[in-house]
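Protein chains: 4
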Amino acid sequence: MPKPGDLIILAGPKGKRHLFLLEESKGLHTQDGSIQAEDIMAAPFGGTVNSHLGRPYRLIRPTIFDLIKGLKRQTQILYPKEIGYICLKLGIGPGCRVIEAGGGSGSMTMALSWFAGLEGQVYSYERRPEFSELCRKNLQRAGLGGNVRQFQKDIEEGFEQSGVDALFLDVRTPWDYLGQAAAALAKGAPIGFLVPTVNQVSQLLSGLERSDFTDPEVMEILIRRYKPVPERLRPEDRMVAHTGFLIFARQQDRDWSAEETVRPTSYHGDDI
Amino acid sequence: MPKPGDLIILAGPKGKRHLFLLEESKGLHTQDGSIQAEDIMAAPFGGTVNSHLGRPYRLIRPTIFDLIKGLKRQTQILYPKEIGYICLKLGIGPGCRVIEAGGGSGSMTMALSWFAGLEGQVYSYERRPEFSELCRKNLQRAGLGGNVRQFQKDIEEGFEQSGVDALFLDVRTPWDYLGQAAAALAKGAPIGFLVPTVNQVSQLLSGLERSDFTDPEVMEILIRRYKPVPERLRPEDRMVAHTGFLIFARQQDRDWSAEETVRPTSYHGDDI
Amino acid sequence: MPKPGDLIILAGPKGKRHLFLLEESKGLHTQDGSIQAEDIMAAPFGGTVNSHLGRPYRLIRPTIFDLIKGLKRQTQILYPKEIGYICLKLGIGPGCRVIEAGGGSGSMTMALSWFAGLEGQVYSYERRPEFSELCRKNLQRAGLGGNVRQFQKDIEEGFEQSGVDALFLDVRTPWDYLGQAAAALAKGAPIGFLVPTVNQVSQLLSGLERSDFTDPEVMEILIRRYKPVPERLRPEDRMVAHTGFLIFARQQDRDWSAEETVRPTSYHGDDI
Amino acid sequence: MPKPGDLIILAGPKGKRHLFLLEESKGLHTQDGSIQAEDIMAAPFGGTVNSHLGRPYRLIRPTIFDLIKGLKRQTQILYPKEIGYICLKLGIGPGCRVIEAGGGSGSMTMALSWFAGLEGQVYSYERRPEFSELCRKNLQRAGLGGNVRQFQKDIEEGFEQSGVDALFLDVRTPWDYLGQAAAALAKGAPIGFLVPTVNQVSQLLSGLERSDFTDPEVMEILIRRYKPVPERLRPEDRMVAHTGFLIFARQQDRDWSAEETVRPTSYHGDDI
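Residue numbers (our numbering), protein chains in the order written: chain S, 1 to 272; chain U, 1 to 272; chain P, 1 to 272; chain G, 1 to 272.
Bear in mind the hints are in silico, worked out from the structure with no lab data behind them. Even glycine gets a Cβ: it sits at the ideal position worked out from N, Cα and C. Among the hints, a few may not be true.
[Unchecked claim] If you want the ones that stay clear, here's a sample from chain U, every Cβ over 12 Å from chain P, calculated:
1) H18
2) L22
3) E157
[Said to hold, decoys possible] When the alpha-carbon atoms are kept at most 16 Å apart in a straight line, the in silico EDC-like pairs for lysine to aspartate or glutamate are as follows:
4) K227(P) with E130(G)
5) K3(U) with D32(U)
6) K16(G) with D6(P)
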């Protein structure tokens, strides 16, 4: 049963979901009538609470997915379709030390904090104070962030850490910070980027060729949803066609490959 | 520097990667000549080792992504493009208790073991002894599995756990085990499925409508890779067009919604 | 220069397009002011006409693509992305005799009429009088239809033609009319279908297996548009993810293949 | 029944197709035995011919789709998925006058010749003599080309026609020929391009902004095929992920829009 301070979801009969922080003596107003805080606290997760109009709302314990989808945003956020893959690709997991820069509203920060766990450490760089604050609030609201240290500074000056296990860079001109990134990463450690335009992908790839990184990979992730009707199953009419391009590479001291200019154009086409 | 028992990657000048378990006095034979175990153990991660023909191989510490891609397989495996999303969607993370069934070669088991961490617990059901054994070996080789309990039994008889945080079912007829799954899950907890054909999706959705689950969602995840050449950037000529359909739902005692038959056909079209 | 009775496009400075039938002394009212018919008739195609507020509108001669996009619709229409492919696949061209059934608003009828030319013949079946009439009007407005004969009858009773070069069936239960279709087609001639759900695809494939057709193919066509900005090139944020599934087959008297049950599951995966 | 000089398809029991020119007293050798020319000529289209081993081969009259798929190629060809859409978009049809440049092996030339019909005219420019010759042979073999005039010259010098209805440019640096193209097109007429890389798309869009063209559109067309098995319906495992980007625009004398710099970034997102 939920208690004050818990983030919960109440889902109405029509499918509408309300993600909110449960507070003592502060209920929820819905289109189906109001729901009392004490009634919520008396219900089990997975159970239902009735509104004062007698409409049943289901009480759901949000997963990290729900928390990311429900964060308060002022920026374009990273979406789960990219976040899950990035975390796997960068090897984020319990005990991991990871840097992210350009956190924005904090959707990636939340995921990193979640997967890194209490033994892990997330270093989150964000230049703009308003986003830094928003990210902090989103982490706190989600009951996350105990393992997050926020740095409100320009990464032009470099990162304060070294030997980190992974780094994720979500900034407009990532090619400007490759030296700083390589210096912060453990030797051979993976890095990830997200940029929205093909021009940025191109410029970043050029930058990577001149920097201490190797094994560049570029990809998009698309999710196509279906209407879940068994006897008339079909894809949704519309879909999100673009959020951004993902680029991955590995730190590699450049001197090594001076004369090795093989370009891995398609060496792992099935690397999905 | 790697030591015997470590899983390492040696990447050749042409991009070919060798993932293997480092053993005392047992090197690697490559197309560029052989590499001595003692040379490998003297090199730092991110550094290089020369073959006896003087060709440089980079020494890479594999991430969970590499481990999954490199497992020994006898079955169709789940791919990272699905695994990352599933783990996020099901809320897998440090301390999580999760059941999977139909593990096959163990790619999902590895990811669950990784993300759940030492405080978590993974219950892996697999009826066929040869796959159960293969999964065990793959976990061990990857240095994972300390938090995994394997059950070699038919899930027809039910799961031995209850109140688990999440469940992932990768079997041919998942609609046959919905009762068992609902009984094992915590109230309101998420469940995921993967099936390859639309006929199975349809049949599973019908099953879910009659079972203790709600909020069905169906989707595909596609990855489109690009040739990483900055001045001639273009998608790869070919891509993997299909691995399987993902279906998600939440446990919900059925009696509640007896008269609520609203079908959420498109209520979260942007839920990516 | 356009003359009364011509279908023309006037495109405003902001990109808004008006497709309409030019009539003597009947101008166009736009958000940028009104445009006189006589001014339009005095302008060359590719030139501009000023509104009474002095805003320039470009005068464009519509192509068959524009005509299809601009038709008056009361039904879901077939889109150019499917129409172009269907016409090529079915071998529609000058002099062709083709049947279509379930024409709806007439987007396919317009394309068939266009490509078949004056020596060709299009037989269009539509049971519902309101759609038959709408289709007729759309053809007339577009200056097409001279080679179209409309039949307002139920195709259950069969088609009145035989030996036609191709047939396109856009109805809800196409499997109910396979005998009628095979009887109308020339031996070995191609047939096409469009259905929106996977359940219909499955049922149609089963029907084809029992009918005088062979070489079934199933596919979807997706168009992904880009924002045409050279220095910030990227895909549009959203796209149409589904209109329908295309199915193609060839007429083939069944007796032949009685004992040949090879299923062509992937024999032309590159047949794009 | 086919006669010498006809292009025909013989399709074997396993699905293998042979597209070839039927010649007096020259049969076909297949993996199922040889087939006599006289037996073929005695069979109806849609009927079957037995090999000397008694295996039945179906006799099929090829459509324009089959002809394009079956042409002899020395270059990357345009595929039907693009050709059908391009022809519709450019308004190709009976009586049309159209220029194409960079024809290569002639797949687009064949389609233009087919759709333009006897009253139409196709002007095909190809600098390289070997491709010009290959295109000519492919047209002849397909029984097409009566309405095609080939020009083996560099389009740098301009096109010899003016006032044509449409133009399709399939060359490596299309931005170099925009002036020549605008001069050849009728006022307001449509133009199409195909280029494989995003860098070329970007450069072409920049060129279009400075030239006598407007309304740029950029898109990709994807075809996703399904295994046609009714009870186990699923997409093919792999697909062609990229052939090229399509760009379309309309001729428009530049002076008009000197001060109108509105960029139509998303005004017809549904224009599929």
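Tested hints:
1. H18: holds (31 Å)
2. L22: holds (40 Å)
3. E157: holds (33 Å)
4. K227(P) with E130(G): violated (37 Å)
5. K3(U) with D32(U): violated (23 Å)
6. K16(G) with D6(P): Outside the cut-off at roughly 49 Å; violated.
When the structure is compared with the earlier hints, violations turn up for hints 4, 5 and 6 and for no others.
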